[in-house]
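K.L.:
So in the numbering used here, spot 113 of the sequence shown is number 497, and the numbers just go up one at a time.
Honestly, the hints are just simulated from the structure, not real lab data. Mixed in with the good hints, there may be bad ones.
Pair ranges (Cβ atoms, derived) [as the list claims (entries may be wrong)]: (1) MET859 to VAL618: 49 to 55 Å; (2) ARG804 to PRO478: 33 to 39 Å; (3) ALA803 to ASP519: 55 to 61 Å; (4) GLU708 to ASP750: 53 to 59 Å; (5) PRO840 to GLU907: 21 to 27 Å; (6) GLU907 to MET859: 25 to 31 Å; (7) LYS746 to PRO696: 22 to 28 Å; (8) SER572 to LYS746: 23 to 29 Å; (9) VAL618 to ARG573: 18 to 24 Å.
Okay, derived cross-link-like pairs now, EDC-like style, lysine to aspartate or glutamate, Cα gap no bigger than 20 Å in a straight line [claimed, not checked]: (10) LYS928 to GLU903; (11) LYS806 to ASP845; (12) LYS806 to ASP853; (13) LYS746 to ASP762.
Idealized CB from N, CA, C, for every residue including glycine.
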Amino acid sequence: MSFHLVVGTAGHIDHGKTTLVRALTGRDLDALPEEKERGITIALGFAPLDLDDARRVGLVDVPGHERLVRTMIAGVTGIDAVLLCVSAVDGAMPQTREHLAILELLGVPAGAVVITMADLVDEEMLELAVEDARDAVADTFLADVPVIATSAHDGRGLDELRRVMGTFTPRARPTTGPFRLPVDRAFSRPGFGTVVTGTTWSGTLADGSTVQLLPGEQTARVRGIEVHGGSVDVAMPGRRTAVNLSGIDTQAVPRGTVIAQGVVPCPQMIDVHYRHLPDAPTLSDGDPVRVLLGTAERLGRIALADVRLEIPGGATAFAQLRLEAPLPCMPGDRFVLRRTSPLQTLGGGEVIDPWAPKLRRKAREDAGKELLRLQKGDVMVWLERAGEDGLSPDDWARRAPEVVVEPLGGRVYAPKVVARLKGLLLEALATFHTEQPLALGAPRRELHSGRLAHLPDKVFDALLARVADRGAAIMDGALVRAAGFEVRLDEATTALAERLGASIAAAGIGGLRPKEVHEAHPEPEVAALLRVLEGRGEIVQVDKVGWVAPAAVDDLCARVRAWFDRHETLSTGEFKDLTQLTRRAAIPWLEWLDARRITLRQGDHRVAGPDR
């Protein structure tokens, strides 16, 4: 028989929840001595119930005492439906209403109202109890559900209750993504070691796998999985699951631990959408709160992402929960807020961003708008919040697996962030051209500074390539210039450029070394002008020779070609005689000719090259 549903009880203390479960399943869940002595449920209890349609329901019995609300929340977290128990003797009580509010805050989708102890009252009192229960659930998710009068003593209503439970349907739970099992019990079983139980929230887990105990870095190996006493090979979401962990003490897995496989964020700052209960006292920005999520509990403070600094009863707001300790959670998880003292349920809501940056007071309103977009499904907010740090492709895939964003240099950025970075790059390029108008372009690494210095090398290079691909910049070797940029010389620099060209031309193939150029022309613009003239093809730089006029280079090449029209080889001495160069200048020129395949070196001689 397969197991499909998890159904929890809820209601005021002594309203017959445990007795009802025993009547339905035949199991006594008051197992602890103090429970039997006091007649109340202190710990969570679990029992399977087989329905007539070959489905198995896992019943979760929770305590009703106001001091045990944390345990109650741990029990109803993740259930598919609830049996709200109301005593026919007492009617709806304060804890009934608090449990009902908590069930709504946790998003429990379905259920039934069960009037217990029907055998203890007459028909008139029973009718009043039914009406009282209907009034209590009016305007809630249980407003239109069946109200069933039951008695564990004479069995009335139990068959009808089983029939109604057969109409419940399981919640849709993701089988992909990380496996998560919030632990509500951990105990040691002789011969097996530590066993943890809980309702699987998402993902799947195979026997023999390694899991992580969150929060923290501790890991354990799974050595057995059971669903209500039946061994299974794979744990599925929505099942009451017991996992046998190898090599871990029970004390290492307290209630609130999440057994996980895959990446699950464990933040201390969580952005949420919060709903304040109508009867709760006003909640102010910075107030201390008790956060209950899954089976875990954390102390913290609330920071409102709202221009209002207070939340009155019945209001909703986006907020940030700042916790004293890490809390494993995912977007969409439900939570409950309680006062730290005196204990009182204040409200609850939904996790919107477990990767939240710290909320700045001056940015409350903007943060609220971002969270509204996230709540509506605009996942680009996560990339915008990551800013110029971006996210790794794996991190982005975990957050938004269905949204593909082209990486930039191995990181993923929001389109508006990429646009901003492009703007900063072009602004830096424009500034460079303004400050150095004679430079043919900016060195790449000089642009990778200032506001862009924080970018990894791969990201900066990819950004530069993307700007160039869009035609906004031109890359020329190690230099970058803005599209459309040209060096424009004024009258004075034009005259200086003409004097430079004349000096270099006069030197012939002997050339002018940089030091000689600057000695002859000490003006500060000379270095930049040399590159301008080179870019225009008006001068050529020959290694170890210096700057040479193109006409002199052409004349040299012509003389060498003419030499080979009459000779088979050219020695160094012959080259010196041909050019009237010293050996110091002749050798670099011969190497230059070799590099351009005008000549080819063979031993101590040159022969004509293929490009002569």
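K.L.:
So, for every hint listed, does it hold in this structure?
P.N.:
Each hint, compared with the structure:
1. MET859 to VAL618: 49 to 55 Å: holds (54 Å)
2. ARG804 to PRO478: 33 to 39 Å: violated (54 Å)
3. ALA803 to ASP519: 55 to 61 Å: The hint (55 to 61 Å, Cβ to Cβ) holds, given that ALA803 and ASP519 are roughly 57 Å apart.
4. GLU708 to ASP750: 53 to 59 Å: Distance hint for GLU708, ASP750 is violated at roughly 27 Å.
5. PRO840 to GLU907: 21 to 27 Å: violated (40 Å)
6. GLU907 to MET859: 25 to 31 Å: Holds, at about 30 Å.
7. LYS746 to PRO696: 22 to 28 Å: Once the Cβ atoms are compared, 24 Å apart, the range 22 to 28 Å for PRO696 and LYS746 holds.
8. SER572 to LYS746: 23 to 29 Å: Roughly 52 Å apart at Cβ, these two residues miss the hinted range, so it is violated.
9. VAL618 to ARG573: 18 to 24 Å: holds (21 Å)
10. LYS928 to GLU903: Holds, because 18 Å separates the two Cα atoms, which is no more than 20 Å.
11. LYS806 to ASP845: Distance ~12 Å between LYS806 and ASP845 Cα, so the pair holds.
12. LYS806 to ASP853: Holds - the C-alpha atoms of ASP853 and LYS806 are around 12 Å apart, at most 20 Å.
13. LYS746 to ASP762: The given pair, whose Cα atoms are some 23 Å apart, is violated under the 20 Å limit.
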